[in-house]
Amino acid sequence: MKKYFPLALLAVFAAYVASTLWPLKNPTALDLRGFSRLPVLINGRIKPLDTVARTSLLMMQGRQRVVTPSGATILPAQWLADVLFDPKKADTYQIFLIENQEVLDLLNLKLEDGAGKKRFSYDQLRKGMPELDHQARLADQTEQPLRTPFQRQVMHVYDRALQYIRLKNSAQLADAPDFLAELVTFQKALPVGLAAIMARQQGKPASDDAVKVMNEMRDRFTYMDEVGYLHVVPPAKADPDPTHWRTVGSVLLDSFGTGTVDADAVGYAALGYAWRKQDAKQFNELVKLFSDRIGTRFVPQMEKSNVESRFNSAQPFYTGIVLYVAALLLGLFSWLMWPEAFGKAAFYLLGLGWLVATAGIFTRMWLEGRPPVTNLYSSALFVGWGAVLFCLILEKFYRNAIGTVAGAMLGFATLLIAHSLSMGGDTLEMMRAVLDSNFWLATHVVVISIGYSATFLSGFLAIIYIFRGVFSTSLDKATADALARMVYGIVCLATLFSLVGTVLGGIWADQSWGRFWGWDPKENGALIIVLWNAVILHARWGGLVKQRGLMSLAVFGNIVTAWSWFGVNMLGIGLHSYGFMDSAFYWLIAFVASQLLVIIVASFPLEKWRSFRNQSA
Amino acid sequence: MWTVPGTGVALPIFPGGYLIGGLLLLNLVFAHLYRFQLTWRKLGIQLAHAGIILLLVGELLTGLLQQDSYLRLDNGETKSYSESQRGMELAILDQTNPAYDEVVAVPESVLAEKGLIQHPKLPFKILIQGYYPNASMQRREQAPGAAPSIATAGIGTQVAVMPLPITYKTDERNLPAVYAEVLGTEGSLGIWLLSPALGMPQTFSYQNRNFQLTLRPTRYYKPFTVQLLKFTHDKYPGTEIPKNFASRVRVKSDDRQTDREVLIFMNNPLRYGGYTFYQAGFDNNDQTSILQVVRNPGWLIPYVSCIMMGLGLCIQFGFHLTGFIRKRSAA
Chain A
1 MKKYFPLALL AVFAAYVAST LWPLKNPTAL DLRGFSRLPV LINGRIKPLD
51 TVARTSLLMM QGRQRVVTPS GATILPAQWL ADVLFDPKKA DTYQIFLIEN
101 QEVLDLLNLK LEDGAGKKRF SYDQLRKGMP ELDHQARLAD QTEQPLRTPF
151 QRQVMHVYDR ALQYIRLKNS AQLADAPDFL AELVTFQKAL PVGLAAIMAR
201 QQGKPASDDA VKVMNEMRDR FTYMDEVGYL HVVPPAKADP DPTHWRTVGS
251 VLLDSFGTGT VDADAVGYAA LGYAWRKQDA KQFNELVKLF SDRIGTRFVP
301 QMEKSNVESR FNSAQPFYTG IVLYVAALLL GLFSWLMWPE AFGKAAFYLL
351 GLGWLVATAG IFTRMWLEGR PPVTNLYSSA LFVGWGAVLF CLILEKFYRN
401 AIGTVAGAML GFATLLIAHS LSMGGDTLEM MRAVLDSNFW LATHVVVISI
451 GYSATFLSGF LAIIYIFRGV FSTSLDKATA DALARMVYGI VCLATLFSLV
501 GTVLGGIWAD QSWGRFWGWD PKENGALIIV LWNAVILHAR WGGLVKQRGL
551 MSLAVFGNIV TAWSWFGVNM LGIGLHSYGF MDSAFYWLIA FVASQLLVII
601 VASFPLEKWR SFRNQSA
Chain B
618 MWTVPGTGVA LPIFPGGYLI GGLLLLNLVF AHLYRFQLTW RKLGIQLAHA
668 GIILLLVGEL LTGLLQQDSY LRLDNGETKS YSESQRGMEL AILDQTNPAY
718 DEVVAVPESV LAEKGLIQHP KLPFKILIQG YYPNASMQRR EQAPGAAPSI
768 ATAGIGTQVA VMPLPITYKT DERNLPAVYA EVLGTEGSLG IWLLSPALGM
818 PQTFSYQNRN FQLTLRPTRY YKPFTVQLLK FTHDKYPGTE IPKNFASRVR
868 VKSDDRQTDR EVLIFMNNPL RYGGYTFYQA GFDNNDQTSI LQVVRNPGWL
918 IPYVSCIMMG LGLCIQFGFH LTGFIRKRSA A
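Note that the protein sequences, when read in sequence, are chains A and B. Take the first sequence: its position 517, counted from the start at 1, is 517 in my numbering, and no numbers get skipped. All you need for my numbering is the position in the second sequence, starting with 1, plus 617.
Read the hints as simulated data drawn from the structure, not as lab findings. Just to be clear, a hint being listed does not mean it is correct.
Stated by the list, open to error - Residues from chain B shown here face chain A by an in silico Cβ test under 8 Å; the list is partial:
hint, residue
1, Tyr853
2, Pro854
3, Asn861
4, Phe862
5, Asn884
6, Tyr895
7, Trp916
8, Tyr920
9, Phe934
10, Arg945
Quick reminder that beta carbons are idealized off the backbone N, C-alpha and C, glycines included.
Modelling step: build the complete structure from the supplied sequences, incorporating the hints.
The following block contains the structure:
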């Protein structure tokens, strides 16, 4: 039994991983899957509607799952189809996360009105929108770092409500009861209307009604062009630039020049009509028509769009979290009982989690055409990935589950950080011009991230040493020595990577800004990590610290690294600042406090350590 | 700085880069001489620390020798000089000969001493009557309460000067103002107000020669010219996120050895004649490109020291690792 347990468990979890790769089934006869793969252009990137749906939901309500007022759970793409084509229905879904009491008061809402006492529908917000708009304008006059928490919350909710309105006006006008009928009427009226406008310009008599209708429609389409969020219409055949995707409003405005209504705009309107009627035959035909048309002209984009929506539904990093937690629990158990079987099983699961994370990171790299780390989100993924890789190697050498536990903790923590960072919007962002250099992203950024991985790993290994030593009797001399060697070795690696990474960063700066070193906060942060690791090594070589001191110094390395990774971004200045992150600030403080607490625990006299009590007695 | 009482020796209260870097450098050099053993096994340590020494020396050289300036070019414009971002100079141009200008430039540090300025090329002397390191200007009608101007000639008579504290913010600039009195052999010709905030130079004639007075960013002339052919600024489609800035320029040297077109963009500077030109910014609705011009003779040093430090650590930790693996396989 014990012999086969690790393999059996691995097989179970491997089956679980395989099940996530299975393509999602359409909940009804309507081809929602095909619809979710249709590519659109938004924020400079061509991406599937599925990604639009998921990132919008994450931003608005902090999760991807949507629950309708009747209690049914629907897919993100289903929600998006309702927003685009059936806004009346979508307005009833409670998808705006508002937790600030003052903002709720402003909107005349009570906590009890919301789903789970925190999620509200647009119908509930509607009445308060003018006031929210007013407050947002007031808050907008204050510079971002100086805004009060209330002002920040107002801006936060307002931005999301605005984005929702923009989404609603992307494929059709949100206030149109039947946009297809409106377009058909417009098409019929167009020749007469254009003739009337022409006649009016030449000073000849013309029908007032016909001119008025044309002017009204022009206003409506202009509004749609200005407000519409998604660029859903692919570039015209003659257009040499494949990035000239346009909004429905803008192609409809062209009708006044060409005299015909654009086929794609009508197509989307018809898609909306079919969706509202839940007419599977017509809906599926239109989806197929769109994907064939786009797919033959934009082969690589369509391929990426398909892969991306599969990637979205597989959620590899969520799977990774599950695997890492399982590995962590098994690893901890292995110190209490069945060290062989549990330890091996934990090692297998950690390895499986790492493979899943690797696949996820590679898919992102392929989608983006970039090295692994391009923003804070991907740095969290990569730092965790590197740390787990180190741990797998450690475990291969030592086979005492310490590597597994440290790796599972770090992998889990970094994926959790990444998840909360994904609330900020699409994680596959376009790179600003300054950072647009695959060579430096691949060298400086990757090397410095591995430096973070190694520094964190040494810190977490030290935490294991301290906790096992103080609170359990399991830290015998062999284990203690092994841990000390591990921490020392990892600190050596951390020094190497953070030093080389920092200097490479200096060279990049020399290449693009004309100075090797500019005392930018992020540069200083990186330097502090190098110096701290150097301090640890010199303290050990110089005999200033023994095992326990080494561990305490390594734990402080966690604080130093967290500061350099997140803390300096919160200063809001410098070339590397990616904006102030409110809630993250409190988490950082909590993390620093917890690490200081661990150091205090470590400084208990050795005779109080349960593991050492007997030796010193 | 804090001066030791009665000695005149100044000690820094907040030590700066030179002091700390210098001490670190001394410490490392002596550590090399005193502690390190010259054996093969210690090669890694030697190399890594020598790399740090080299890096410190390199940064010292950079600090002492680096010259930073900006080159602002409109589309089509040609310049043979770059301008300092902070330093200003008082330029006196003799424009009598239409073929060329004769220029005498006085650095801001001399102006700050408010003394008398003479130059063999000038038929007059200049007395600095007032100097403000940072000041804002207003038309006199809009500032009725302002103190009377001491300027007696040029636009300065109509302008009120309001001194401001020196700013140290990275996104603000100090705009100095100077009252300069021109003293001819037969007496004063008038007092002119000069400031880069005034926008245009002021002219006067003396002894049948035409002169121009201006307070402008310090210019660094180069033995070549740079012409901006085209500045392009791409954004990602459907966004305001900048994708690329690029300046197509033509570099022509005075000795006619060089005449070529180059594309300068982010992460792709032009290195020419000991200078490096970086795409730093743009202005004027994408009609003006701003290039940063850096002269740093020590720019190569960090590259070398990076290789030394990386190699040194690799050797040192390589010894550790092989030792560790040998021990484990023996066990």
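Cross-check of the supplied hints:
no., hint, in the structure
1, Tyr853, "holds, 3 Å"
2, Pro854, "holds, 4 Å"
3, Asn861, "holds, 5 Å"
4, Phe862, "holds, 6 Å"
5, Asn884, "holds, 4 Å"
6, Tyr895, "holds, 5 Å"
7, Trp916, "holds, 6 Å"
8, Tyr920, "holds, 6 Å"
9, Phe934, "holds, 5 Å"
10, Arg945, "holds, 7 Å"
The earlier numbered hints are all upheld by this structure, with none contradicted.
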